[in-house]
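Listed below, chain by chain, are the residues.
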Amino acid sequence: MAFLQISEPGESPEPHTRRLAVGIDLGTTNSLVATIRNAVAECLPDGDGRAMLPSAVQYAEGGSIVVGHAAMSHRGDDALNTITSVKRFMARAVSDLRDESARYNFTTPSGDGKGALKIVTRHGAVSPIEVSAEILRSLKERAEQSLGGPLYGVVITVPAYFDDAQRQATKDAAKLAELNVLRLLNEPTAAAVAYGLDQHAEGTFLIYDLGGGTFDVSILRLSRGVFEVLATAGDTHLGGDDFDAALAKHAFDTWALTRALSPAGQANLQAAARSAKEALTAAETASIKVNWGCGFDSTLDVSRETFVELTQPLVDRTLSAVKRTLRDAKLKASDIDGVVLVGGATRMPHVRAALESHFGKPPLATMNPDEVVALGAAIQADQLAGNKSGDGESHLLLDVIPLSLGLETMGGLVEKIIPRNSTIPIAKAQEFTTFKDGQTAMSLHVVQGERELVSDCRSLARFELRGIPPMVAGAARIRVTFQVDADGLLSVSAEETTSKTRAEITVKPSYGLADGEIATMLQSAFTNANADMQGRALAEARVDALALVQSLGKALTDDRILLSDTEHAALSSQIAHLKQLSEANDHRAIVRATEALNLASTEFAGRRMDRAVSAALTGKSLEQLL
Amino acid sequence: MNYFELLGLPATFAVDVAALAANYRRLQTESHPDRFVTGSDAEQRFAIERATEINEAYQTLVDPVRRAMYLLWLKDINGMDEKNTSMPHDFLMEQIEWREAIADAKLKEDPERLEEMGIELASVLQSLGDTFSATYNGEHWAIATTLARKMRFTQKLIDEVDLTLGELES
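Chains A and B supply the protein sequences, listed in that same order.
Per the working numbering, the first sequence starts with residue 1, numbered consecutively.
Per the working numbering, the second sequence starts with residue 1, numbered consecutively.
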């Protein structure tokens with residue numbers, strides 16, 4: 001068995017059987033994968049020693065899909081089929097697009113411009129989720145080759161300011177790439193983990209994360225292994241790409257080009273602008289050089305001063321988010337012990353200068369801003385997978401929801417249910433009643449954002465509640481619970497409280513995929529590999545079964561006292577049964593027995609949790625806690 | 001188990017904020033879903049429920065206005081009920097004056113004045129809290145309820161000041 005070694009109930013896995021876990025930074029322009037090796041977090045390079053994988057996917061002729069550097073080289077000559085910066089399109093509609101609307105041929109399933117967009121390539125229309133899955137698949141292969149086995153699980157980072165639909169889309173992409181997502185982690189939080197553990201930092205830190213396409217700022221309190229996010233803000237449409245675009249537009253205007261550029265010309269100009277921007281980090285002047293083909297080219301010299309002038313408005317936008325975060329955290333600039341720089345775009349000198357002047361001290365740049373997010377994700381993946389980290393110390397992350405969740409009420413207004421910067425997991429219940437006699441269904445529209453009008457917020461989903469027992473108008477009491485989990489994802493449940501009837505809920509996501517769609521995509525990826533699917537299903541069933549056998553076996557020994565003899569005997573025999581089944585080849589039987597054991601152990605799990613919580617407070621004196 | 005019991009603290013307004021934060025972190029360390037990623041479905045479900053409850057308890061107790069309301073709720077008093085108490089006339093007049101002052105500072109784009117008002121309101125809230133604490137301990141429920149409502153009004157003014165400062169900045 002390559003997955004897990006079977007150990008007797010009560011024994012933990014052998015110390016050398018570490019679960020293979022990685023952290024993935026799925027970036028707008030570049031992606032990375034990192035892991036813990038010999039107690040050190042490190043990025044895994046490709047065969048040519050490069051850690052960064054350009055987030056580019058080419059749908060090539062002949063049906064093949066090319067990812068990374070090889071795809072990047074076709075940005076000019078096959079622009080319409082070579083997708084870059086796909087992260088900007090995640091869970092977005094055509095009507096959300098700004099300047100990049102001309103780069104590809106976009107389409108919408110419904111044809112009305114609403115709903116999640118797709119990109120038309122020579123392989124047909126592909127969703128941003130599918131494109132992202134290709135990038136994830138490439139990183140997964142790299143990691144499995146490098147680590148020599150299948151991955152147990154991954155932590156994938158997302159911008160802190162991603163809304164629910166964008167998070168769900170990222171998780172769907174991972175599902176499509178057949179990755180077990182242990183947690184979605186906010187990028188600045190991941191960076192804080194890597195930085196905080198590396199530097200043994202204590203105090204209040206502001207993480208300034210300017211990536212290729214997104215900007216986040218988070219304030220965290222670091223204290224004795226607890227990383228508590230106090231507030232976060234950002235802009236999912238602001239990053240290094242926009243600085244390139246400002247330079248490109250400047251060149252375009254200066255050259256007084258009369259015609260709109262072809263997609264290939266646009267890609268060439270953008271690439272030239274990026275090189276110039278990068279050169280201006282060290283040099284006072286740089287040139288934008290574009291070869292248009294047919295022996296025609298253009299060159300423009302740009303000084304750093306001009307570059308700063310062109311892009312200062314972008315830097316100012318990041319600063320206003322910084323101020324808002326400070327206000328939300330109820331802190332002043334002088335309360336911040338250090339500003340940590342994350343993302344390649346923070347190399348620009350005028351970004352650093354702006355932060356230094358706002359905080360009165362130079363920002364911290366001790367770690368590689370390109371890698372720090374992936375490294376933090378790797379550290380977290382290792383801990384979540386149950387591998388003890390190098391120094392044996394475990395840490396805890398307390399993150400927040402970046403944008404308020406609300407419900408549409410009369411007149412298109414929003415009633416806030418969960419305010420932004422609430423620590424997750426969080427739940428809020430709201431009571432509703434019927435307004436017609438015998439009404440058995442109602443609909444709820446959930447939105448995310450800070451504005452008062454529904455039309456100014458982002459629509460997340462419409463929930464249809466059915467199965468409300470018929471009563472006179474106003475008599476039913478429907479309690480709807482909004483739960484945001486540790487990934488920052490929302491789920492909704494509803495109950496009629498007078499009759500204790502659970503209402504049925506159907507979700508119509510505004511931008512995401514319905515559950516069936518993922519299954520179809522997975523299916524089509526495997527139409528020619530049916531045997532492989534069978535083997536996979538069996539392998540997955542075994543992994544799940546054995547994980548349960550192990551954790552429950554250990555719990556039975558540790559907390560024997562919480563069970564009566566009869567209860568103990570019943571659970572033990574079910575564990576033995578599941579163990580036996582998992583050595584055979586019937587994956588359905590294994591799944592059924594796993595579910596049955598999960599159900600049977602629910603009460604026991606509840607008792608253990610209660611005990612753990614009360615032990616947490618009585619076990620240590622106050623002095624030790626402080 | 002009420003929120004004070006959950007967080008291992010006596011049910012008083014004058015909470016030891018450092019102990020509250022330390023106990024909160026200690027509890028979350030044990031019950032956060034991150035601890036149960038490899039656990040059974042049931043364990044994961046309980047962990048989310050527990051961590052959610054602990055977060056709610058902490059957020060309620062760490063905020064003075066919510067803490068006051070919660071203390072009243074423990075005595076079966078709903079301080080948020082609009083029908084419950086009518087506010088004294090002079091207090092309502094004061095409220096109107098504060099609102100006008102905020103609107104005026106906004107119009108004149110005077111962030112310094114707003115910052116000053118924020119500090120002043122914070123000290124008003126502080127002294128209301130001190131009085132609430134004394135009357136609550138003395139079991140003068142009606143007075144305590146009025147004080148908690150005054151605290152709530154004052155907090156709303158503070159929020160309004162913050163919001164206005166944010167608007168002026170952007």
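Just so you know, the hints here were simulated from the structure itself, not pulled from any lab data.
Glycine included, C-beta positions come from ideal geometry on N, C-alpha and C.
A couple of the hints might just be wrong.
These stretches of chain B come out as covered by chain A in the derived footprint (C-beta under 8 Å, 3 or more residues) [stated by the list, open to error]:
(1) 33 to 41
(2) 97 to 107
(3) 145 to 159
Straight-line Cα separation of at most 30 Å, DSSO-like style, residue types lysine-lysine; simulated pairs [said to hold, decoys possible]:
(4) A:K332 to A:K436
(5) B:K75 to A:K323
(6) B:K156 to A:K332
Open item on the list: Please list, smallest to largest, the hint numbers that this structure does not respect.
Closed with: Hint check: 2, 3, 4, 5 fail, others pass.
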